[in-house]
Amino acid sequence: MITGARGKLRACLGGKVETIMLTADRVLAAGIMVLSVYFMWHASALPIGWNGMTGGPGGGAFPFWLSGIMFLCAGGIVLRSFKDSAPFAKDDTPFFDPDTLRSVVVVTLALTATVAALPFAGAYIAIPMFLLWYLKIYGKHGWVLTGALTICTPVFLFFFFEVTLKILLPKGWTEPWFFPLYARFF
Amino acid sequence: MELLGYLGEGFATSLMPINILIVMIGVTAGLFIGAMPGLGSVNGVAIVLPITFIVPPSSAIILLCAIYYGAMYGGAISSILLGIPGASTAVATTFDGRPMAQQGKAGLALIAAAAASFVGGTISVVLFTLFAVPLADVALAFGPAEEFALVLLAFTTFVGLGGDDVLKTIIMICLGLVLSAVGLDLISGDPRLIFFDQPGFYSGISFLVLAIGIYGVGEILYTIETQKSAPQVTPAKITFRELWYGLKEINKLWKTMSFGSFLGFFVGMLPAAGATPAALMSYGIAKLLSKKPETFGKGAIEGVAAPETANNAASTGSLLPMLTLGIPGSPTTALLLGGMVMWGLVPGPMLFIEQPDFVWGLISSLYTANLFAVLVNLALIPLFVWALRMPFTVLCSLVFVLCLVGGFAPSQKLHDVWLIVGFGVVGYVLRKADYPMAPLVLALVLGPLMERSFRQTLIAEQGNMMAFVERPISGTFMAIAALFFVLPMLKHVKRLLRRDLSPAE
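In order, the protein sequence lines correspond to chains R and D.
Per the UniProt record's numbering, the first sequence starts with residue 1, numbered consecutively.
Per the UniProt record's numbering, the second sequence starts with residue 1, numbered consecutively.
Where hints are given, some of them may not hold.
Claimed, not checked - Derived pair list, reagent style DSSO-like, types lysine-lysine, alpha-carbon separation capped at 30 Å:
| hint | chain 1 | residue 1 | chain 2 | residue 2 |
| --- | --- | --- | --- | --- |
| 1 | D | Lys-494 | R | Lys-83 |
| 2 | R | Lys-140 | R | Lys-171 |
| 3 | D | Lys-494 | R | Lys-90 |
Please keep in mind that the hints were generated in silico from the structure rather than gathered at the bench.
Take these sequences, add in the hints, and give me the full structure.
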């Protein structure tokens, strides 16, 4: 293993660039190692060994030792990545497709913004805004399709979740707008 | 005879107008979901599960099973008309389904797929009916040690047979199990793993949140990345003459279809295997046994029938361990199991004793779902062609909205909606590095059972770890589990030996 690592290092110093996939694989595994340590630290708040009080393993044992296994496996992936035979060592494809990465990032940001807006703007502002953005700006659809879906979706959500299932969606400052509807349907 | 009596009572439940309606809605929704490229049964069940609160628990499970069935039928539609599998389970259907469509025989391919799915579904439901009671009877003898050993066995099948990177599979199993431990300790009730002191974690992480994140948000992000341009839809319509001709052709393939059904059913029962490998195996064997193997890959009707019988049979097969043992055979059945627990119907042998009406109602509804799926499938072909032309952005936006609202609905906590987005993004990234998602979902669902049975056994046996191997049934399970666990290592050693023995360059 050490020889492999040295060999790789020499290769890097010699100007040979390792594949993006291999780097990504290593970074992800390292991230999982950090996560495992975090889990172990959390789990150790409860007894991780034998619990003399109740008998059997303590409350923290199950997550602690499983996180330990996770740590070892992720460590194995990191070590393995220095070998020439590592998965992705010869995979020249980029980790993210450069042609579509922008779309994925933009959609994720829009989704995050929508969830962030839910507590104060409410579902009936945040969701239509998301649909408006997604269909009109991102999807470049016509006004008829955009308008129909932007209006019909919240109406469906209201009647399905609120009226039928009695599950109230977050409304934020739009709550007073719904008082007449509550009076009518509840 | 007793079995027929139970089944008869089951039909009395499943043929109630409300349940027939539910089955019809379920299979139609499933067919559409399955037909959409990128969305399969697991995505459909994950996204739709929160909406099923609208009907009583037993009907909700029938609805979800009908969606599951419909989606298995629907997967073939996009495989044939677009050349893109509706789900991974329908990959093998593209091999011959797409060439058939390009030769102007899309209608015939669709008929073959639907009829083969029906045969696979029906044979497997009969097998399911025959095996369910004996298996549940065996499972009645299970104590906590056997339960633990069985769950461990289910996980080791992913290691030994999953075909994914072993280290990554183990990581995903452990991650799922650790996430299942979030909340309150099962025995002492102490809070544990309350990350960042967020009160939302006190109630644990719901399997639904993880499933919607991974199979809803994550899946769509993955599809956005991989689908660069709108695919071409091959037009198809079915005339009665074509239908008659198609059925006559299919009738000649009894041997292929029967074999595919049995193979699919038994492969489907294994947690790590399921419908995708079953379909690929069935395709491979059909080609091997065919009199005209050279036609495979160029539009052979057998090449459509073989994988379609197997993937439908596998979907029924994976329901068997879920319902009788409480161990799901696939991610979709893991979600069904989670849903059943949520509604207070705990799958396992006791369900057959305590809730026979529900169990037999569900089993008989599989027969009706199968029948309706084939009828709806053939009747709505023009509608599917139209739906497949729907711009992908419309589908994505609606799925995203359903994920957010559906994720919020069960617990009514925004905390869960944030988790969905988080799991979606993390799942998408991990998937790109070949981390398998199915073991993660299964582990989260089975985690509480595994921990409880492990700790109960050790408390009862005063810490004697040998208790798991000393009892005959659990000992057998542990031995098989150990075998699955060392299987990849043995393969590795064999590879190394072969390399050493080969002449040096």
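Verification of the hints:
1. With a C-alpha separation of about 19 Å, the suggested pair Lys-494 of chain D and Lys-83 of chain R falls inside the 30 Å cut-off, and the hint holds.
2. Restraint check for Lys-140 of chain R and Lys-171 of chain R: satisfied, since their Cα atoms lie roughly 28 Å apart, inside the 30 Å limit.
3. Restraint check for Lys-494 of chain D and Lys-90 of chain R: the C-alpha separation of about 23 Å stays at or below 30 Å, so the hint holds.
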